[in-house]
Amino acid sequence: MSTPGQIVAPKFEVARRPVLPPRETKISVADLNFFYGRSQALHNITLNIPEQMVMAFIGPSGCGKTTFLRTLNRMNDVIPGTRVQGRVMMDNQDIYAPGADVVELRRKVGMVFQKSNPFPKSIFDNVAYGLRINRLTSNKSELEDRVATALQDAALWSEVKDRLKSSALGLSGGQQQRLCIARALAIRPEVILMDEPASALDPIATSKIEELIFDLKKQYTIVIVTHNMQQAARVSDLTAFFLLGKLIEVNATEKMFTAPDEKLTEDYITGRFG
Amino acid sequence: MEVHRHLDEELDELRDGVLRLGGEAEAALKKAMRALTERDSNAAREVLEHDDTIDELEVEIDRQCIDVFVLRQPAARDLRFVMSVAKMAPVLERIADHACNIARAVPELNNEPELKNHVRLHEMGVIASSMLAEALDAFTKNDAKAAREVIKRDAEINDLYNQIFHDLIEMMAKEPATATRDARLLFVAKHLERIGDYVTDICELTVYMAEAAVIKHKH
Numbered sequence: 649m650s651t652p653g654q655i656v657a658p659k660f661e662v663a664r665r666p667v668l669p670p671r672e673t674k675i676s677v678a679d680l681n682f683f684y685g686r687s688q689a690l691h692n693i694t695l696n697i698p699e700q701m702v703m704a705f706i707g708p709s710g711c712g713k714t715t716f717l718r719t720l721n722r723m724n725d726v727i728p729g730t731r732v733q734g735r736v737m738m739d740n741q742d743i744y745a746p747g748a749d750v751v752e753l754r755r756k757v758g759m760v761f762q763k764s765n766p767f768p769k770s771i772f773d774n775v776a777y778g779l780r781i782n783r784l785t786s787n788k789s790e791l792e793d794r795v796a797t798a799l800q801d802a803a804l805w806s807e808v809k810d811r812l813k814s815s816a817l818g819l820s821g822g823q824q825q826r827l828c829i830a831r832a833l834a835i836r837p838e839v840i841l842m843d844e845p846a847s848a849l850d851p852i853a854t855s856k857i858e859e860l861i862f863d864l865k866k867q868y869t870i871v872i873v874t875h876n877m878q879q880a881a882r883v884s885d886l887t888a889f890f891l892l893g894k895l896i897e898v899n900a901t902e903k904m905f906t907a908p909d910e911k912l913t914e915d916y917i918t919g920r921f922g
Numbered sequence: 042m043e044v045h046r047h048l049d050e051e052l053d054e055l056r057d058g059v060l061r062l063g064g065e066a067e068a069a070l071k072k073a074m075r076a077l078t079e080r081d082s083n084a085a086r087e088v089l090e091h092d093d094t095i096d097e098l099e100v101e102i103d104r105q106c107i108d109v110f111v112l113r114q115p116a117a118r119d120l121r122f123v124m125s126v127a128k129m130a131p132v133l134e135r136i137a138d139h140a141c142n143i144a145r146a147v148p149e150l151n152n153e154p155e156l157k158n159h160v161r162l163h164e165m166g167v168i169a170s171s172m173l174a175e176a177l178d179a180f181t182k183n184d185a186k187a188a189r190e191v192i193k194r195d196a197e198i199n200d201l202y203n204q205i206f207h208d209l210i211e212m213m214a215k216e217p218a219t220a221t222r223d224a225r226l227l228f229v230a231k232h233l234e235r236i237g238d239y240v241t242d243i244c245e246l247t248v249y250m251a252e253a254a255v256i257k258h259k260h
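Going down the list, the protein sequences come from chains A and B. Under the numbering used here, the residue at position 127 of the first sequence is numbered 775, and the numbers go up by one with no gaps. Under the numbering used here, the residue at position 193 of the second sequence is numbered 234, and the numbers go up by one with no gaps.
Next comes chain A alone, as it looks inside the complex:
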């Protein structure tokens, strides 16, 4: 059985591709339990997320993958009655330690949601929003540069550079999602959490998001929740399978989809679950 969090070399030479390169751990989760009131949603999750890689979380609805994703930037804090036990370390700092700076945490850990949620503002103002409220730029020219860079990094610049003052709501669904990614990138996070970022998009827009993820991992640590197993296979380096609030297996994606270690994983990804 694989140890959660380890980057596991395939047990057998399943393919001739090189084993995943070693990476430093960006986020280290140990014995994490999460409760909605008295209902326990996550059970003893222990997992290391390496930097500059894409880790996909898969599992059936209600398995806890989104809840777990949201523990990584304390997004669940805003839900009344929730409780966290265990440890989530980012760069060796406990993000749940008393006195931990949640605003700084969320600056370091950006998030992109299933449904694109642009503000009813211009394209420019959407991307500039985080920079302005966090006072991350000192003058207009720097702000413009940061917005342009974020839009370029989100592979949206060429499509919007001539209409930055237009409403973001006039963009297509795929463009709006990339705008949300640009908005997250503008504040220069270190980790990007994506909760089913392409589930509402058509195949072409999905493909652009997936290409973007591939490019972004050179600079960022990316964690993506997806219901689409082909998408997990396409974009991620590592895949973690959750079931009923438990982490069943984490493995190199290639291994996970050709020869998973756990029978439960195999049953899930071959559709013979239950």
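No lab work stands behind these hints: they were computed from the structure. Being a predicted model, the structure only gives us computed values, none of them experimental. Hints should not be assumed to be uniformly reliable.
[What the hints assert, rightly or not] No more than 27 Å apart at the CA atoms, straight line, and that leaves these computed lysine-lysine pairs for DSSO-like:
id: 1; chain 1: B; residue 1: Lys-128; chain 2: B; residue 2: Lys-231
id: 2; chain 1: B; residue 1: Lys-71; chain 2: B; residue 2: Lys-157
id: 3; chain 1: B; residue 1: Lys-257; chain 2: A; residue 2: Lys-911
id: 4; chain 1: A; residue 1: Lys-911; chain 2: B; residue 2: Lys-182
id: 5; chain 1: B; residue 1: Lys-128; chain 2: A; residue 2: Lys-911
id: 6; chain 1: A; residue 1: Lys-911; chain 2: B; residue 2: Lys-71
Chain B: place on chain A using the hints.
Relative to chain A, chain B alone:
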């Protein structure tokens, strides 16, 4: 789980297809060897005439594999199964081609003086066809252990081939007049030796299918 019931049915069809193709290849091999030992040109012709059916079976399995890949996007054990079937079908078809090559030699050999003792070629043919049957059985049962046992038997074929090779070379040296016949028999031995290698390939694919272990080029 309607979709996966269909997938299971399609995988069953692929399994049946491999067994049908494998059975045809095995029958072709046995018939070609019988034609050789009994100097039966008609049986040899029948092997050749039946080869189109075998080719069609291979193409059909190929098509079914592509359909499953494209339409079902199999993963894990399903992926390994379809991959193995897709690779196995042409191997089985090639075994049948070798059986045809043996059959092609029969009328030629029938024009030559008979070699009463077929220098253990018959024995080699029996081992090759029993290996093939065992390999197909291991595939059906998803039994990597049995497949590995079959692979070990390839050494028997190789040993026999080396022995036959030396025997025939010796005979050619002693009796140059029968060199043409002996050369043809040497080719028959080579075809049987290649069939042993192809059966090994099938077993390696069964091991991959069952255990996700790639063992080719490692024994």
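Right, here's what the structure says about each hint:
1. Under the criterion of a C-alpha separation no larger than 27 Å, the hint pairing Lys-128(B) with Lys-231(B) is consistent with the structure, at around 23 Å.
2. Note on Lys-71(B) and Lys-157(B): the hinted pairing holds, with a Cα-Cα distance of about 19 Å set against a maximum of 27 Å.
3. Annotation: proposed proximity of Lys-257(B) to Lys-911(A) holds, straight-line Cα distance about 25 Å (limit 27 Å).
4. For the hint pairing Lys-911(A) with Lys-182(B), the CA-to-CA distance comes to about 19 Å; that is within 27 Å, so the pair holds.
5. Of the supplied pair hints, the one linking Lys-128(B) and Lys-911(A) holds, its CA atoms being roughly 25 Å apart against a limit of 27 Å.
6. Distance check on the hinted pair: Lys-911(A) and Lys-71(B) sit about 41 Å apart at the alpha-carbon level, beyond 27 Å; violated.
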